[in-house]
Amino acid sequence: MSNPVLTQFMAELLSGRVKLVDLTQTLTPEFPIIQLPPEFGQAWPFRIEEISRYDERGPAWYWNNFSMSEHTGTHFDAPIHWISGKDQPDNAVDSIPVENFIASACVIDVSAECAENPDFLLTVEYVKAWEQKHGRIPERAWVLMRTDWSKRAMPREYLNMAEDGAHSPGPDAEVVPWLIQERNVHGFGTESVGTDAGQAHHLNPPYPCHYFMHGNNRYGLQCLTNLDLLPPQGAVIFAAPLKIRNGSGSPLRVLALTPTV
Amino acid sequence: MSMVASAATRAAPAGKRRGYDGVAVTVPVTIPYVRYSTRSAHWWLGRALAELIRGAGIAKGEVDGVCVSSFTLGPDTAVGLMQHLGMSPRWLDHIPMGGASGVVALRRAARAVQAGDAEVIACIAGDTNHVDSFRNTVSQFSRFAQDAVYPYGAGGPNASFALLTDYYMKHYGASREDFGKLCVAQRDNALKNPHALMKKPLTLQQYLDARPITDPIHLFDCVMPCAGAEGYLVMSEERARALKLPYARVRSTIERHNAFPEDPIQFRGGWAMDKDALFDHAGVAPADVDFLETYDDYPVINAMQFEDLGFCAKGEVAGFIRANEFTIDGSFPFNTSGGQLSVGQAGAAGGYLGFVQALRQLTGSAGRTQVKDAKIGVVSGFGMINYDRGLCSGAAILERGATQGEAA
Amino acid sequence: MTEPLVKPKKKNPVLRTRLATLPPVPRSRSALGLTRAAAEGVFEMQVCADCGTVQYPPREVCGSCLSEHVAWKPVDNRGELIATTTLRHSNDLYFRERLPWRVGTVKMAAGPSVVAHVHEDCAEGGTVRLTLKLDRSGQAVLHALPEKDTPNMNDAPQLRESTCDPKFRRVLVTDGKSATGMAVARAMLEAGANAVFLGDASTWKTVPAFDKLVASDPRLQVVELDVTDTDSVDRLAASIGGKVEILVNTADYLRDGGILNRKDVNLARDAMEVNVLGLMRLAQAFGPGMCFRAADGSNNAVAWVNILSIHAHAALPARGAWSASKAAALSLSQTLRAELRGAGVRVMNVFPGPVDEEWEQLTPPPKIAPSGLAKAIVKGLQDGVEDVYVGDIAEELRTRLRENHKAVERELGQ
Ligand SMILES: [Zn+2]
Chain A
0 MSNPVLTQFM AELLSGRVKL VDLTQTLTPE FPIIQLPPEF GQAWPFRIEE
50 ISRYDERGPA WYWNNFSMSE HTGTHFDAPI HWISGKDQPD NAVDSIPVEN
100 FIASACVIDV SAECAENPDF LLTVEYVKAW EQKHGRIPER AWVLMRTDWS
150 KRAMPREYLN MAEDGAHSPG PDAEVVPWLI QERNVHGFGT ESVGTDAGQA
200 HHLNPPYPCH YFMHGNNRYG LQCLTNLDLL PPQGAVIFAA PLKIRNGSGS
250 PLRVLALTPT V
Chain B
0 MSMVASAATR AAPAGKRRGY DGVAVTVPVT IPYVRYSTRS AHWWLGRALA
50 ELIRGAGIAK GEVDGVCVSS FTLGPDTAVG LMQHLGMSPR WLDHIPMGGA
100 SGVVALRRAA RAVQAGDAEV IACIAGDTNH VDSFRNTVSQ FSRFAQDAVY
150 PYGAGGPNAS FALLTDYYMK HYGASREDFG KLCVAQRDNA LKNPHALMKK
200 PLTLQQYLDA RPITDPIHLF DCVMPCAGAE GYLVMSEERA RALKLPYARV
250 RSTIERHNAF PEDPIQFRGG WAMDKDALFD HAGVAPADVD FLETYDDYPV
300 INAMQFEDLG FCAKGEVAGF IRANEFTIDG SFPFNTSGGQ LSVGQAGAAG
350 GYLGFVQALR QLTGSAGRTQ VKDAKIGVVS GFGMINYDRG LCSGAAILER
400 GATQGEAA
Chain C
0 MTEPLVKPKK KNPVLRTRLA TLPPVPRSRS ALGLTRAAAE GVFEMQVCAD
50 CGTVQYPPRE VCGSCLSEHV AWKPVDNRGE LIATTTLRHS NDLYFRERLP
100 WRVGTVKMAA GPSVVAHVHE DCAEGGTVRL TLKLDRSGQA VLHALPEKDT
150 PNMNDAPQLR ESTCDPKFRR VLVTDGKSAT GMAVARAMLE AGANAVFLGD
200 ASTWKTVPAF DKLVASDPRL QVVELDVTDT DSVDRLAASI GGKVEILVNT
250 ADYLRDGGIL NRKDVNLARD AMEVNVLGLM RLAQAFGPGM CFRAADGSNN
300 AVAWVNILSI HAHAALPARG AWSASKAAAL SLSQTLRAEL RGAGVRVMNV
350 FPGPVDEEWE QLTPPPKIAP SGLAKAIVKG LQDGVEDVYV GDIAEELRTR
400 LRENHKAVER ELGQ
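Chains as they are written, first to last, in numbering that gives the first Met the number 0: chain A, 0 to 260; chain B, 0 to 407; chain C, 0 to 413.
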C-alpha cells in the first residue's frame, strides 16, 4: 500500500523540484585531518591500497583496501566521542536511533565574517539576528555554520596553522548551550576540520561544541562542503554514519534535500 | 724489492731417478686448427685418437692407455670421453695442466709403459672454440682467478701477463724489439707450416706498430684462440720398431708446480729450480740442443724459458736474443712450427703443440719446418695461470730414435 | 692529477639510456670475507693465528702452515706498486664499456702480492694505499690509491664506480623537515649535490628553520611526500623519479612505549607505516627508476640510504614498537639490497645511536648532532660502504653485541 507522501516526494525529486546536494568531501589521502599535539594519539588519515586492478592480483576486478579513523574526512560525531557524553543513552553510532539520521537543517551564513576573521565565533546575538531574518530555528534541526572554509586551499589554508595553533571559526561557549536549551537543536555542523573553532581550547569550557552537544546527546558533523547551495531554512539532511560497534563517529555521505526555488 | 732466495731454489740432485730406457714417443698428429668450431671437444679429441690409430696402423683395441687434456670437455672428464669414444683402456689419466700438459703426459705415460701398466698409450689434447668459449673458460678458470683476478677488468690472461711483462721488462732488460724479434722469427717459421693459421709475414715494424691490448702487450704478443687437437703415442721401442714407426727417445724430463711462491710477481718459472736436474739426467748441456720448442703464450714467457732452462743467464736475455737468429735455419732454431703465436692456441692442445713439433723434428717428418740434422731437442711447457702467475712448468729433452727412413 | 669531474650536461632525451651491467659477481665463500670488510669500510685480510702469515687470495686454510685458524684481521694496507697495465680490451661487458682500465700488482708490506684496480694518480714503483671497496656488483675489490690524497681523487672514473659520491648527483631526502632531514640536505649541498629534493609530509605546518633552509640555496626544492600515502609516493616518483640518484630515507616515527605499558597497537602501527611500509612504498615507487638509470653517465643513480638505528640490532624496550619497526626496516633493506644489486644500486644502512632531536629530549648524552649524522652519511657514500655506525653509543653497542648479545639485551631492558 503506497504512502501518498512518499509518492509525492519521489515525484518532486524526479521532477527536479526537490534537489539532492552532496555535502561530502571526497576521501583522499591528502585530505587534512585534525592535528593534535604530536605526543597524543593521532587519528589516521585516509589511506588506500589497491587490491587488484584487472591484473595478476585479480584479473577481472578492481578494488581497494582503505584505512582511516572514525573522524577522517566528512564525518559524524556521536555523543560518546566526548567525555561529557560518555554516559548518555544510545550514544554510539550503532545505537543511535536511525530516525536521528534524518533531520531538517538551518544554514547560518557567516562566510563574510570568516573571510575577515578566521577566528570568528558564532554568538547568541548573531543567531538571534539570523532568526529575525530567516525565522526561528525549529526543534531537532541541524544548525550548519556556513563559513566557506571548504573552499580554502588544502591543506595549508584549510588547517590554517600558526605557531599558536589552528585558526578556524566555530561557535562560542554561550551559543552552544543556548541552541540546546532554547532551540533543542539536533546537532551542529561545520565546514572546518572540527565542530569547534581552531582556538577553542582557550574557551571555557574548552571545545564547547563538543562538550555541550555530546553532553546533551546531540551530534556533530564536520568537514562539510556545498553549504552555499542550501537555503537558510528548509533543507533536509540525510546523515547516517557507519554502524560501527560502540563507534565514536564515522565518515559518511551527507546528502541534503533542498527545494529548488 | 725482496728477492729472498728460497731454500728450494734448486732441486735436489736427481741421482736416483731412473731413465726412460726403452720408451718410444711416436706418431705426431695434428688435427688442423680452425678459428671457430661448431664441434665439441669430443669431436676434436676423437679425431686425434683416430689419426693416432690410423698413423700407427693398429686396431682401436690395441690402445690400452689414454691420457687426455682439454678445457672444454666439461662436464665430461677423460672417463666420460672413453665411453663417448667406445674405448676400454686399462690405464687412463686426465691432465689439467694446460700448457704443461704435453710434457707431463709424456712423464706419466712413459712410466706406465716402462712398468707394463699399458702398452700403447694415446696422449691427446684438444679443445673446441665456440664464439663464447674463451670468455667462459677465462671467467671460470680457477677459484683464485674468480676471486682475485677476473673482477679486475676481466682482461683474462692478457692482463695477468701484461703485469708480469711490465715487471720483467723493467727489471730484466728485455725490450719490445727483443720480443718482436722472436715473434717475427716464429712467423717466418709458421709460413712453412701448413697447419699455421697465420699465413701472412710479420715485420718487426708491424709488430711494434700494432695496437696495444693491455700495456705493454700489443696485438702480436697475443695468441689467437682457436679449435684444434694434437696427439702422440707412447710405447716401447720394441713395439715401435715392430710397427715400423719412426720415434723419439726420452733423455730426461722435469715438472714443477707453484714454484717460487714468495716471488712478489712472476719473473721466473719452475724450470729455474729443475734445469740442472734436467740436463744432468739427460747427460747433455744446453749447447748440445739442436732446437727448442717452448710454450709461447706470450713472448715474455719465451724469454723466461731461455733464462730458466739455462740457455742464458737471468737478466741476459736481451743479449741472447740479439746474438741469435731463431728461424728454422738460424743459430737457435726455436718454435719451429711457428708456435702458438703464429699457429694459434687450441686450448690444451697448445700444451702439445711444441711437443708434437719436436717429435716431427726428431723423426724427420717436419717437412719444410725441418731443422737439419736435428738430434736433440728440448720441449718445455708452462701452464695454468692461476692467480697472478703460471703454476705448472715442465720440460723434456728428446732425442732422435728412428727417423722415417730408418724405421721403414 | 685527476681531472676534476665536470658537471654532467643535461641528458639528451632521444638517446637510449645505457642499461646497467655488472662487473663479475661470483666469489668463493672465503672471498666474501673481503666483501664483509668492504661493506663495513675496514681493511682486513686473513691472518693465520698460528704462524701470523697474512694471505691473499683468501683460502680455507693457511697457505703457509696449513692451520685452519685463519681469521679476518686489520692489516697494514700499504704496499709497493710493482707492475701496472692499462686494459684496452676486456672479456666482460661491464669493463668493455669503461675502458681503458688500469690495474696493477701491489706487493703489500704485510706480505702478499695483490692484483688491484689502480688509481690514476698512483705511480708505478711508488708506495700506495690499498683499500677494499664494493664494486657495482656489490662484491669487494681492492683499489690501490695514492699514498696521500690527491686533488679531486674521488673524481677518478674508476673510483667513482666503487663509490656513491653525492657530487653532481641529485638527492631525495624523504623527510626534509626533520632536524636530520635538514642536516642531510645541507651536507649533500656541501658535498656538491646538483639538487636536493626535500620531502614535506606536512605542508600545512610552518617550520621557520625549514623555510630558512629552503631559501638558502637554489638547489633545494620542496616536494610533497608522505611516505604513509601510496598515492603521494607514486605521484612524486612520477614527477622526479627519473632524477633521483641518491635517496636518503630520513622519514622516521619515533615514539616512546613498549608493549605492556600501552593499551593499543596504534603507535606501533604508525611506526610501521612510516618506518617499514614507508620504506617499501618508496622502494616500489623509486627503485625501478633508479635501477633503470644505474649506469646513466657520471651522475648515474647509485645509492639508497636508510637511516635505521643501532636499535635495529637490539631492541630498546622503552621504545619497543619503534625498535621493532627499525628491525623490520633492516630486514626489508636486506631484501631491497638483493633486489637493487642486479642494477648495481647500493643500499647503505645507517645505524646511529641517539640523535639530538626533539624526540630524544630525555635521552642523556652522548647524542649525535644531526649535522654529525649527516656528515657520516655523506662520508659513507663517498667511501661506498654498506653499513655506517654513527656515534659512540652505536659503536659501543655494536662491539658489545658481538661480545655478548644477551648482556646487551639485559642491560637495555633495565
Ligand atoms: Zn699459518
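Because the hints were derived from the structure by calculation, they are not lab data. Treat the hints loosely; a few may be bogus.
As the list claims (entries may be wrong) - Lysine-lysine pairs mimicking DSS-like chemistry, simulated, CA-CA at most 27 Å apart: (1) A:Lys242 to C:Lys262; (2) C:Lys147 to A:Lys85; (3) B:Lys169 to C:Lys147.
Unchecked claim - Short, incomplete list of chain A residues facing chain C, as computed with Cβ under 8 Å: (4) Leu26; (5) Glu29; (6) Pro31; (7) Leu35; (8) Pro36; (9) Glu48; (10) Arg52; (11) Arg151; (12) Pro154; (13) Gly164.
For each residue, glycine too, the CB sits at the ideal point set by N, CA and C.
Hints, verified against the model:
no., hint, verdict
1, A:Lys242 to C:Lys262, "holds, 24 Å"
2, C:Lys147 to A:Lys85, "violated, 74 Å"
3, B:Lys169 to C:Lys147, "holds, 25 Å"
4, Leu26, "violated, 12 Å"
5, Glu29, "holds, 7 Å"
6, Pro31, "holds, 6 Å"
7, Leu35, "violated, 13 Å"
8, Pro36, "violated, 12 Å"
9, Glu48, "holds, 6 Å"
10, Arg52, "violated, 13 Å"
11, Arg151, "violated, 11 Å"
12, Pro154, "holds, 4 Å"
13, Gly164, "violated, 11 Å"
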